[in-house]
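Participant: Read top to bottom, the protein sequences are chains A and B.
Residues 1348 to 1640 (the numbering used here) are what the first sequence spells out, left to right.
Residues 1348 to 1640 (the numbering used here) are what the second sequence spells out, left to right.
Just so you know, these hints were derived from the structure itself, not from any lab.
Among the clues, some could well be false.
Straight-line Cα separation of at most 30 angstroms, DSSO-like style, residue types lysine-lysine; simulated pairs [as the list claims (entries may be wrong)]: (1) A:Lys1512 - B:Lys1513; (2) A:Lys1596 - B:Lys1640; (3) B:Lys1640 - A:Lys1640; (4) A:Lys1640 - B:Lys1470; (5) A:Lys1512 - B:Lys1428; (6) A:Lys1513 - B:Lys1596; (7) B:Lys1428 - A:Lys1428; (8) A:Lys1470 - B:Lys1640; (9) B:Lys1428 - A:Lys1492; (10) B:Lys1492 - A:Lys1470; (11) A:Lys1490 - B:Lys1640; (12) A:Lys1490 - B:Lys1428; (13) A:Lys1596 - B:Lys1513; (14) B:Lys1492 - A:Lys1492; (15) A:Lys1470 - B:Lys1490; (16) B:Lys1512 - A:Lys1640; (17) B:Lys1490 - A:Lys1490; (18) B:Lys1513 - A:Lys1513; (19) A:Lys1513 - B:Lys1640.
Protein chains: 2
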Amino acid sequence: MTKLYGCLEGGGTKFVCAVGSRPGQILEEIRFPTTTPAETITRAINFFKNYPLSAIGLATFGPLDLNPASPSYGSITATPKNGWSNINILEEFHHAFDLPITLETDVNAAAFGEWFWVPDNHKLDSMVYFTIGTGIGAGIVIKGKVVHGLTHPEAGHMRLPHDRKKDPFPGICPFHGDCFEGLASGPAMNRHWRQAAELLPKDHPAWDLEATYIANALVNEIVIVSPQRIVLGGGVMENIQLFPLIRHKVLEMVNGYIASPVFSGTLVEYIVPPALGKQSGMLGALALARTIK
Amino acid sequence: MTKLYGCLEGGGTKFVCAVGSRPGQILEEIRFPTTTPAETITRAINFFKNYPLSAIGLATFGPLDLNPASPSYGSITATPKNGWSNINILEEFHHAFDLPITLETDVNAAAFGEWFWVPDNHKLDSMVYFTIGTGIGAGIVIKGKVVHGLTHPEAGHMRLPHDRKKDPFPGICPFHGDCFEGLASGPAMNRHWRQAAELLPKDHPAWDLEATYIANALVNEIVIVSPQRIVLGGGVMENIQLFPLIRHKVLEMVNGYIASPVFSGTLVEYIVPPALGKQSGMLGALALARTIK
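If we strip away everything but chain A, and leave its shape as in the complex, we get (with noise of 0.2 angstroms):
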């Protein structure tokens, strides 16, 4: 009998958890929004109690202590997400269910997923999976592994060149002012333009300083991990009019420094958007569920 796996993607607007073996093997999927960390985390557990599993793979936004060594490990740590600071919902699931349950952050799951199901993703030593969205972060899967060390990794908070006279929008991260997130996130965008960034013309100049951005980014984490290619997800890559202007900039920005044929050609295949789509997230916490050691 094929074993059944639960996974879950907790957003700070909605969760969806859902049952399933593989990609196209999902038997149930159900969302509902974020409330309360009692009432969200039980409708979960209520969920994965209709089923008969294997294992449970978590995947939340964070930041998360991942430290097994930690007194807090398995919570959410400092959110502005009202209510969800501390909670640690790793322990709450294993009072639940005596399964093997592992956690990951969101973009580290959709990461994991991007690499474990994607069969020209698999066969790579090294990628980086970043979500732009409301959020920015980017998951390194090295090896067949999540890289964590001190922490889980933070790429929303690099520091970027920000030309100030041609674009003084001061940034809106609560931390750093024009951090990468502070310029360049769903939310920074929409308080940048003054309004909802999806409906700028596809021509307005805003996309093309988002890609500025966005490209000096990848340029560091280029220099910095060396991947053997980069996914970006997240809701502001689905205005995919983003890809060629900054496969364009990273290539301009690089400047044939770096010696590898990819950065000889397009880098069509080296700067793609997620093979999952929506789905990175969710099966990545599937693949972690079945990995569970």
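We have chain A already, so just place chain B on it with the hints.
Facilitator: Same frame as chain A, now just chain B:
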């Protein structure tokens, strides 16, 4: 009988070759200037021929082709160092010796050396070594392995905030102008201040500006990779007044965002000088020779 290993650190100015088994157990070491590839490599090979070696570790300036599937695997690629482009140093050593031989960049070897030989580093899952000197680079060791991907990391070429009102210096990188290396390498400092940087008084504003660029780069490495320790080596970092300036600026820039007890402290054990001093690269090549699989 203790096995003997050969190790080589090849820089743009000088080559150092040594034979030994571990730190403190070096039988002989020679140093000679980097001249033509033929002369320099022959001299190194002749030295190693005097010993019954078990393996050889080569750590040289880059960029290097370290992709085993590439036809130019083992070569120095496009270097400004006259005559050295497309020299396949690994192949020349394989012709001369029927032994396991490994090649790494000098900065990756130094990162591995600091991880392998220093007990307090060896327990870490994730560590970064920066060299900040004639050039700038950073090697990453994750779970005991040097990180490679598309090529090797080239973190000297990351893009940083550069306030041209405060610092109109345009940078000296021939590829990128004001990338990290263009702004903050030893030669960049010399050009900027029109004198040898190490002769600038310790309270000269040059050091504060230098610490600002380095701190920006460290913040980017921290948010992208989340290393558990950062070692700063290279000639510029011999100006040890930089360490407290950098630690202070990194804390200020991170501004409480990283949820780790390390960032509630002074970073005095997080951002550190090399425990192996100027020997990190050489002893890293030795460690690589010992661990060839």
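Participant: If a hint holds in the structure, say so; if it doesn't, say that too.
Facilitator: Checked hints:
| no. | hint | verdict |
| --- | --- | --- |
| 1 | A:Lys1512 - B:Lys1513 | holds, 14 angstroms |
| 2 | A:Lys1596 - B:Lys1640 | violated, 40 angstroms |
| 3 | B:Lys1640 - A:Lys1640 | holds, 26 angstroms |
| 4 | A:Lys1640 - B:Lys1470 | holds, 21 angstroms |
| 5 | A:Lys1512 - B:Lys1428 | violated, 38 angstroms |
| 6 | A:Lys1513 - B:Lys1596 | holds, 26 angstroms |
| 7 | B:Lys1428 - A:Lys1428 | violated, 54 angstroms |
| 8 | A:Lys1470 - B:Lys1640 | holds, 21 angstroms |
| 9 | B:Lys1428 - A:Lys1492 | violated, 37 angstroms |
| 10 | B:Lys1492 - A:Lys1470 | holds, 18 angstroms |
| 11 | A:Lys1490 - B:Lys1640 | holds, 17 angstroms |
| 12 | A:Lys1490 - B:Lys1428 | violated, 33 angstroms |
| 13 | A:Lys1596 - B:Lys1513 | holds, 26 angstroms |
| 14 | B:Lys1492 - A:Lys1492 | holds, 13 angstroms |
| 15 | A:Lys1470 - B:Lys1490 | holds, 20 angstroms |
| 16 | B:Lys1512 - A:Lys1640 | violated, 54 angstroms |
| 17 | B:Lys1490 - A:Lys1490 | holds, 11 angstroms |
| 18 | B:Lys1513 - A:Lys1513 | holds, 17 angstroms |
| 19 | A:Lys1513 - B:Lys1640 | violated, 53 angstroms |
The structure fails to meet hints 2, 5, 7, 9, 12, 16, 19 from the earlier list, while all remaining hints are met.
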